[in-house]
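In case you want the letters, here they are:
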Amino acid sequence: MLEIYNLNKVYGEGDTRVNALQDISITVNKGEFLLIVGSSGSGKSTLLNMIGLLDKPTNGKILVDGIETTTLSDGKISEFRNHKLGFIFQFSNLLTDLTVLENVMLPRQIQGTNGSASKDAKELLKMVGLEDQMHKRGNKISGGQAQRAAIARGLVNHPTIVLADEPTGNLDSVSAQKIVQLMKSMSKKLGQTFIVVTHDRHQFGDVDRIITIKDGRAFEGEESAKMEVPI
Amino acid sequence: MGAVLAVTIGILVIHVNFVIFQGLFDAIVRDLTDYRFGNLQVTDEEDYIDKSDNTLVKWFERIPYVYAATPRLDSSAAINITKLGKRIEDTRVPIVGVDPLRDIKASTVHTTVTEGQYVFSRNSIVLGSNVARDLGGAQVGDDVKLKIVDRYGKDSIRRFIVTGIANSPGGNGFDYSAVIHIDTLRDMMNRDGYTGSIMVKLNDPAKSTELKDLFLRTFPNDDFKAETLEEVAEAQLSGFRSGIAMINMIGYFGMMSSAFAIVTIQMMLVNGKTKEIGIMRAIGAKRKDILIVFLFQGLIIGAIGASVGTVAGLGYTIYAKETKMSFNGSLPLEVTIQWDKVIQTALTSFGLAIIASLYPSYRATKLLPIEAMRTV
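Sequence order for the protein chains is A and B.
Positions 1 to 231 (this note's numbering) are the ones given, in order, by the first sequence.
Positions 1001 to 1376 (this note's numbering) are the ones given, in order, by the second sequence.
So that you can see chain B by itself, here it is in the shape it has in the complex (with noise of 0.2 angstroms):
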């Protein structure tokens, strides 16, 4: 029993880290591919896409498994608002531009709008939670004022109505920045026809780099610049990606010492059986008998420990998918059954089981009759 649980506590501490670790990793990746960058992201090589955007946005769209794209302009300003006659200024509020008509179809930014609505017109913005909360409570219907310094080095002020104020769980979204319409974003940057990235959702993430390349040979002699998703957000991802693999082994370690406490308890066992296994070699079990014995325990003690670790570790992976199981009470972890996984964890533990009943099955068939029969 003691030898069961080990196990079963070995697998399903494996199958919790995996479902908080490898879902929290998973969910950053989803957020930042559904609000940032796509599956795919062109750029200029040095500083903005002077190609039509709509040239662009429309070549990915003929591709089967792109599902849509849409253009991206980014910038800063000074913002404020004057409430009950004091003015309210924050400074260096990161901004970027949307094709609002395109970019709820490639993005789900929009859907972090929790308060009224995303970007519809030239003179709508939608703030971030945090830059409302900086502006005294910015709401729904407020004016606010923005100051871009253009291309030529002018300040360009411009009047905006605040449509919405985006909250994104876990605060992948633009909750720290402010969203307008691209094309007032070019105006007050003086760069008509400028786009800073293209955003480009795939049906199938997995074909990115082949995306890629295809692009890159499409256009060779634009200064394009195409990268993945990982690669754009290589530096975010790979210390996470670290702290997985650390995790993990965390947890086969855990396994490990499950196996330890097989050995442990299978040696009591063969300690406390000594007299029978005494007995069973006087009434002529042979050596092989009684190892085979005591392998079949570590087998049986194997197989109900994977399967129910298994059981027990799907149970919960089911229950943080169901409940949306979130972090921290934010971020919603983005739960996925790995088959692979799943079985090599029920497979390795149930090996390590058999393996940690060698030792104790090889000191029982080492027993003389004569001196097992004497132990009380």
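Here chain A stands alone, though its shape is the one from the complex (with noise of 0.2 angstroms):
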């Protein structure tokens, strides 16, 4: 479902030229709950915005469901990101000017299927606990809700992969635990594929499988002094 090969990240030239992520080869299944750890500015984040298409690779390839997504064109890449993909960002990131329901179909409405949006979205607000929530202004509730609320919008395309960069990150310990258990368990009810980026790997106890990245560099498995052969 999602391939990666040879994938590198180069910033800036000459002397200030950083290599971000080096030849990065992972391939994640339908329903895996992956975790993405390292520490800050190993190249994780970096790595989750070319799975998410916000960024470009310098080379490599990234399929997603077999389709090469490093060749798309701008109007193909936001319509990939709208049907394949799901974003849970650090700071839920809801438009304030909307209601909680209204963020959560916004993905569907951006697709043109308003039709069984808001269906889906009550649904969807109602298994992550919100329902009596949904018709509050994205930022008329508190920031474990609006995680939630966040989630909710991530899944609601039905996407093939759903992509979440530090989304305990802005959250107290006992939210972010309620956020990580809502995670894990909607990853199971659906059958849901996660690619999470941590810095806080203990938070999320026991997942399908971890990646370290360090130095630009992809690992299997949590960081150990075994780490010498990058996959």
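If a hint is listed, it holds; no wrong ones were tucked in.
Derived pair list, reagent style DSSO-like, types lysine-lysine, alpha-carbon separation capped at 30 angstroms:
#1 B:1286 <-> A:136
#2 A:56 <-> B:1275
#3 A:122 <-> B:1275
#4 A:61 <-> B:1288
#5 A:30 <-> B:1286
#6 B:1286 <-> A:140
#7 A:56 <-> B:1286
#8 A:61 <-> B:1275
#9 A:61 <-> B:1366
#10 B:1286 <-> A:76
#11 B:1275 <-> A:126
#12 A:136 <-> B:1275
#13 A:76 <-> B:1275
#14 B:1286 <-> A:84
#15 B:1286 <-> A:119
#16 A:122 <-> B:1288
#17 B:1366 <-> A:76
#18 B:1288 <-> A:76
#19 A:136 <-> B:1288
#20 A:56 <-> B:1366
#21 B:1288 <-> A:119
#22 B:1275 <-> A:84
#23 A:122 <-> B:1286
#24 B:1286 <-> A:61
#25 B:1288 <-> A:56
Calculated directly from the structure, the hints in this document are not laboratory data.
Please assemble the complex out of the two chains, which come individually in their own frames, going by the hints.
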């Protein structure tokens, strides 16, 4: 479902040249809950941005459901993000002018599939425990609730992969735990693939798989002294 | 809100300018038509019309779109009054000779008589308010003497009874003249049967050129000169017309300023919504979608601004019309609603609002989602 081959990302030129990602090759299967961990500046968010088509790699290939994404036009990239990917950001990034329900419906409205959007959005809001908050504005709910709404928004378009960038980074430990449990249960319940970037691996407990990014290289498993051969 | 206000004010300024300056221009045209020239003025190419005024007036009045016609004769005179044993004299006062019965139909100058009544007999005189003032405050019932030099250079003196004082709003009437019976003036000038001009009033002013051509074709050998109001008052109107064009230009500059205001406000909006644009793009909105959002916003600004501005402008115009708004407290403005101009102004500002939104909208589409989302 997700295949990454020899992915490189270079920023700057000459003396300021930085190899943010080096020769990364990963395959992620459907339904996997994958944690990408690493220290700050290791390149884990850069990798997530490449998978999410928010940034372009210097070279290498990314295939989602067999579709090569690095060669898509700008319009097709937008379409692809809208149909195949779900996003959960560190700050929930709800639109404050819209209600919680409208925020969740937004990806579907962009798709133009308004018909069942409201029904699906309400169902998801119920699943994340926000059925009584759906008519409040995005800025009138707590941080934990906003992040739950963001999870619902990330799932409403039935994406191939949900990408979460530090989804608990802005929450207190209790709220963070609830969000982690919610994502894991949604992954199980819906068979949904999650790729989560975090610097706090312990918050997530048992997950299907962990990849560690160190100095722009990817290693299978958690960080240890044995991390000699990159994947 | 600010952008809507900018469009509204831009339109309102144009409407206010139009009401005041076009209204003033039309008021001057109205008064020149009603008091002095009519829609068509016939004179002799050299001096006086020697053809019977009755014949000419009747010829005009046979034409269906002619409302009325009246003869007039102009001269100047020295005028004096003796009040409480003191003689007060005013020289070189313009004298207008009128046919009272015909004049009240073809002209509204008789309505400017604020005290007493219009000329009605051979020895009655209507003094313009300024002439009356110069004569030490002449009043209705006073005796005045007029001295005119006739065609042979002899002085002709006659006594008149002041029957009215004329005072026109804006001073376009006979405030600086004296009006007497045309036959009396002919006698004094020793020009029996002569006429200075024929003033013709039409039911349909648009047919003045048609009437002019018809008249000149009918009387080809009489050395007549026929001029429409536009021709006879060209000097008075052309300067004013240039002034209006300049004022209108200022109005359109105002509209352009409101377009710049929209660009600025929309740019501020784009900057303020950078993060939201980033989020929208991240969850799949295309550049086209973002463009449409901001263009639609420009469309809404234009539509609301143009509507509110037009309603406010029309409100002001109707207020000016209903209250007979006057310029400088005297000349009542001739206020008309020109729907073609109203629609043109509204559409222009609506179009400008959309055009002004193009660049900010384009800028919004150029934002990269990953960078836009980093904006706090």
